[in-house]
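S.K.: Spelled out from the first residue to the last, the chains are:
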Amino acid sequence: MKTISLIVNGKSASVQVDPSKPLLWVLREDLGLTGTKFGCGMALCGCCTVHLNGDAVRSCVTPIGRAEGQRVTTIEGLSGDVSHPIQQAWLAEQVPQCGYCQPGQMMSAACLLAANPNPNDADIDNAMAGNLCRCGTYQRIRRAIHRAAGIANAKGGHRR
Amino acid sequence: MSQTHFSRRFFLQSTAAAGGGLLLSCIFKPAELVHAQSPGAPAKDIALNAWLRISADDRVTIICSQAEMGQGIMTTLPAVLADELGADWARVQLENSPADPAYRNPRINWQFTGNSESTTAFYDVMRTMGASAREMLIAAAADRWKVKPETCRAENGRVIHRASRRSFKFGDLAEAAARKTPPANPPLKPASQWKLVGKSLPRVESRAKINGSAIFGMDFVTPGMVYAAVRTSPVFGGKVAAVDKASVERFGVIDVVPIPDGIAVVAKSYWQAKQALDELKVTFEDGSGASVSSNTLKARYRAAMDGKNWLLVHATGNRDAIPHPYLDVPLDKQALPAGDRSEPAETYPTMVSQEYESQFLAHATMEPMNCTAHVTADGCEVWGPTQGQEMAQNVVCQMLGLPKDRVRISRTLLGGGFGRRLTADFVAQAVAASKAVGMPVKVIWSREEDIQHDIYRPAVLHRITAAIDEFGRLRAMAHRLVSPSILQYVSPPSVTDIYDPSCLEGLLETHYDIPNTRVDFQLLKVPVPTSVMRTTGYGPNIFAFESFIDELAYNKGADPYTYRRELLSKNPRALAVLDLATEKSGWRNPAPAGHFRGIAFAEAFRTFTCHVVELSVDKSGSIKIHRVVVVADAGTVLDRGITTNSLEGGVVFGLSYAVQSEITFDKGRVVQSNFHDYEIPRMPEMPPVEVYFIDSGARPLGGTGEVGPVTFIPALANAVFAATGRRIRSLPLNKHGFRLS
Numbered sequence: 001m002k003t004i005s006l007i008v009n010g011k012s013a014s015v016q017v018d019p020s021k022p023l024l025w026v027l028r029e030d031l032g033l034t035g036t037k038f039g040c041g042m043a044l045c046g047c048c049t050v051h052l053n054g055d056a057v058r059s060c061v062t063p064i065g066r067a068e069g070q071r072v073t074t075i076e077g078l079s080g081d082v083s084h085p086i087q088q089a090w091l092a093e094q095v096p097q098c099g100y101c102q103p104g105q106m107m108s109a110a111c112l113l114a115a116n117p118n119p120n121d122a123d124i125d126n127a128m129a130g131n132l133c134r135c136g137t138y139q140r141i142r143r144a145i146h147r148a149a150g151i152a153n154a155k156g157g158h159r160r
Numbered sequence: 001m002s003q004t005h006f007s008r009r010f011f012l013q014s015t016a017a018a019g020g021g022l023l024l025s026c027i028f029k030p031a032e033l034v035h036a037q038s039p040g041a042p043a044k045d046i047a048l049n050a051w052l053r054i055s056a057d058d059r060v061t062i063i064c065s066q067a068e069m070g071q072g073i074m075t076t077l078p079a080v081l082a083d084e085l086g087a088d089w090a091r092v093q094l095e096n097s098p099a100d101p102a103y104r105n106p107r108i109n110w111q112f113t114g115n116s117e118s119t120t121a122f123y124d125v126m127r128t129m130g131a132s133a134r135e136m137l138i139a140a141a142a143d144r145w146k147v148k149p150e151t152c153r154a155e156n157g158r159v160i161h162r163a164s165r166r167s168f169k170f171g172d173l174a175e176a177a178a179r180k181t182p183p184a185n186p187p188l189k190p191a192s193q194w195k196l197v198g199k200s201l202p203r204v205e206s207r208a209k210i211n212g213s214a215i216f217g218m219d220f221v222t223p224g225m226v227y228a229a230v231r232t233s234p235v236f237g238g239k240v241a242a243v244d245k246a247s248v249e250r251f252g253v254i255d256v257v258p259i260p261d262g263i264a265v266v267a268k269s270y271w272q273a274k275q276a277l278d279e280l281k282v283t284f285e286d287g288s289g290a291s292v293s294s295n296t297l298k299a300r301y302r303a304a305m306d307g308k309n310w311l312l313v314h315a316t317g318n319r320d321a322i323p324h325p326y327l328d329v330p331l332d333k334q335a336l337p338a339g340d341r342s343e344p345a346e347t348y349p350t351m352v353s354q355e356y357e358s359q360f361l362a363h364a365t366m367e368p369m370n371c372t373a374h375v376t377a378d379g380c381e382v383w384g385p386t387q388g389q390e391m392a393q394n395v396v397c398q399m400l401g402l403p404k405d406r407v408r409i410s411r412t413l414l415g416g417g418f419g420r421r422l423t424a425d426f427v428a429q430a431v432a433a434s435k436a437v438g439m440p441v442k443v444i445w446s447r448e449e450d451i452q453h454d455i456y457r458p459a460v461l462h463r464i465t466a467a468i469d470e471f472g473r474l475r476a477m478a479h480r481l482v483s484p485s486i487l488q489y490v491s492p493p494s495v496t497d498i499y500d501p502s503c504l505e506g507l508l509e510t511h512y513d514i515p516n517t518r519v520d521f522q523l524l525k526v527p528v529p530t531s532v533m534r535t536t537g538y539g540p541n542i543f544a545f546e547s548f549i550d551e552l553a554y555n556k557g558a559d560p561y562t563y564r565r566e567l568l569s570k571n572p573r574a575l576a577v578l579d580l581a582t583e584k585s586g587w588r589n590p591a592p593a594g595h596f597r598g599i600a601f602a603e604a605f606r607t608f609t610c611h612v613v614e615l616s617v618d619k620s621g622s623i624k625i626h627r628v629v630v631v632a633d634a635g636t637v638l639d640r641g642i643t644t645n646s647l648e649g650g651v652v653f654g655l656s657y658a659v660q661s662e663i664t665f666d667k668g669r670v671v672q673s674n675f676h677d678y679e680i681p682r683m684p685e686m687p688p689v690e691v692y693f694i695d696s697g698a699r700p701l702g703g704t705g706e707v708g709p710v711t712f713i714p715a716l717a718n719a720v721f722a723a724t725g726r727r728i729r730s731l732p733l734n735k736h737g738f739r740l741s
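Those protein sequences? They're chains A and B, same order as listed. 1 is the number of the first residue of the first sequence in our numbering; add one for each residue after it. 1 is the number of the first residue of the second sequence in our numbering; add one for each residue after it.
Treat the hints loosely; a few may be bogus.
Here are the simulated DSSO-like pairs of lysine-lysine, each with C-alpha atoms no more than 27 Å apart in a straight line [unchecked claim]:
1) B:556 / B:525
2) A:2 / B:268
3) B:268 / A:11
These aren't lab readings, by the way, just hints derived from the structure by calculation. Quantities reported herein were computed from a predicted structural model and do not represent experimental measurements.
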């Protein structure tokens, strides 16, 4: 057990945990942030995607020790009021079906747009290939990313 | 269905309608999300029937009986009720139903969500409940104004007196309305007055799914809750032989306890429980299941197909038109259609016979199986992502020897269902673990446990034989089908030793005009668990049937669309679907250079559907799908946006079935374990999908949750044939060197 401090969604957090415990389970169990989902435990499905210092990582295979003193953003940190361009686009396109994979999809998409404000379909395919959706919402995700790019550009840039 | 058929119980006040029940952990409003742990219902709520409460402060609460797993039912059905009621949709809030007979599917008298039944079974219930409550509110207002009820109408949450333009809010009338006798046959609004039905409503829970606040089973928390990681016998039918608890002492877990066919490690954290489970020394007694492999299963299918032990389940015309070596064993002589007869086999110049095979599959919902249970001295509470609330309640009552009123099953959102969550195996584990440790326990399956302990879509083997006369006309068809049970666990009363109706789906409602047909069936016993999965029997059966029809068209040198059209010439509803699909896909025009098209048509889940797939295949077997057109006639589409989602997603599910996914067995175990070896489609493989509807007005309504993959699969295989000349008769395509690009 070790005390580990990090910044989650802009706020300092401190947890007493085994440093090998994955960030996913620290977020869900120790910090009560259940928006980030468990899907496979092997970085194969992308349900657990969060941002670590702005980069998309699979939190199911990221030991909390690696996040010590770092900035972590989860779906709850995009915005609670659905105001982030990605969230607005997801709502407008009515992307989610069961919705379980969508936090991971949105976190990957937010990262893509921060790096590439005007992605084409091939860019989207590359960036999103690690996020599985069993309901098959890929067509809407693609549309929503294009829409979010438009929203963010109109607002003067992307944030993550 | 006439409204008078509704059981009286719909009008009675259920535990939920009475407002006494502990309901779901979140309440949704179409306009905004309200989040509350175990809200219960404020005392001032007044129930007008089992589905509807109205409070003095004008809150309208509609009970949602069907599990929301992505199909949008939590939006669609309440909107039907609200439309009839004349409610203000923005002020409606929704609650999930408890397990209660009031919420049983009236077609089957059982509370569940599956078989694409929800709209079909509940559409008339929702309309009648909304209309009945509306009439009660109007009657209460008319009393107060001392006017005739016919001079009033309900709109936007108010009852309005037309002439005087006076109005009352629903909340002002609820108490008096509740004292009125519910009319059994209230007038229903004509479609022209619908404000919600037939539109594209935003899903009521989409905001919660977009900001991370939606509560799936995995996310449910209750005070004092601990976690369990589980492992069941890797071999089907195996048992735990020995457990060495000392091997995990150093992890400081709460306990290691038995669950049905396995073991659970209970700890304060799932991660801690999982680490301990991985180190736990447990030995299993494999039992006879250990000899099962994909090869031994294949041999069973082969022996059945080549045997003579067939059950005749359907026949038209001369059932013996095609010679066969076995005796007729009719399922029920009375059930054979009038006019079917046995005459000597006829002689045809051309006989065509082919076999088709669909594979075993796992559901692989994105949310792994999980459930939370709390067994106390008084009873048991369960919170979980279940499609089968009544099944879960029955199983828990049986496990604990409790009456139903002591076992409460609360339904969360489901991170995918596809039929997997109809059974209560994961519920039973949580109950066993909670009982053992005396605390609320959340059981979470690893993805490996989820893939290796699914209840699988069974593999199905078909042989279809056709007789063609000297003019090239299709005169007779004989279809033999070998399938393990689909309904054995989810609907035991529908299954006998030799018959399972779900296995035959799609073969008894063929619309092609073939004068002499027969369908023979063998229910195969297999030592692996099999159950329903999105498309149930329709998936494998329509793949076989529509591939075969395509072969017959090519054999004749006919266009596959024209060939089908001729066989459907007496069925205007079918022709309209087929024609629209070919019109939208440009079928009559040549495809772009290097592109090839395939088509398939069927009725499935009471919906008529047709897919046209346009693709190209390179020399390496890489398939690029350029375009998918799907047309569906479900009678009336209740929500166009949500149904479009479902059909778009159905294509992705179909790609999994058709190209990528397969469960195989070795030494009694499932070989695949996670998404690296159980592949499902990813973003780059998503083709553009166009969805078109025909609202023919047909009743009963067709289901749309499962229909999406049904005709896509054969349309894809038929397009692959058009492109390559290779007729693929066993799925998935990746066994034959094909892959998606």
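S.K.: Each hint needs a verdict: does it hold in this structure or not?
M.R.: Status of each hint after checking the structure:
{"no.": "1", "hint": "B:556 / B:525", "in the structure": "violated (38 Å)"}
{"no.": "2", "hint": "A:2 / B:268", "in the structure": "holds (17 Å)"}
{"no.": "3", "hint": "B:268 / A:11", "in the structure": "holds (25 Å)"}
Of the numbered hints given earlier, the model fails hint 1 alone.
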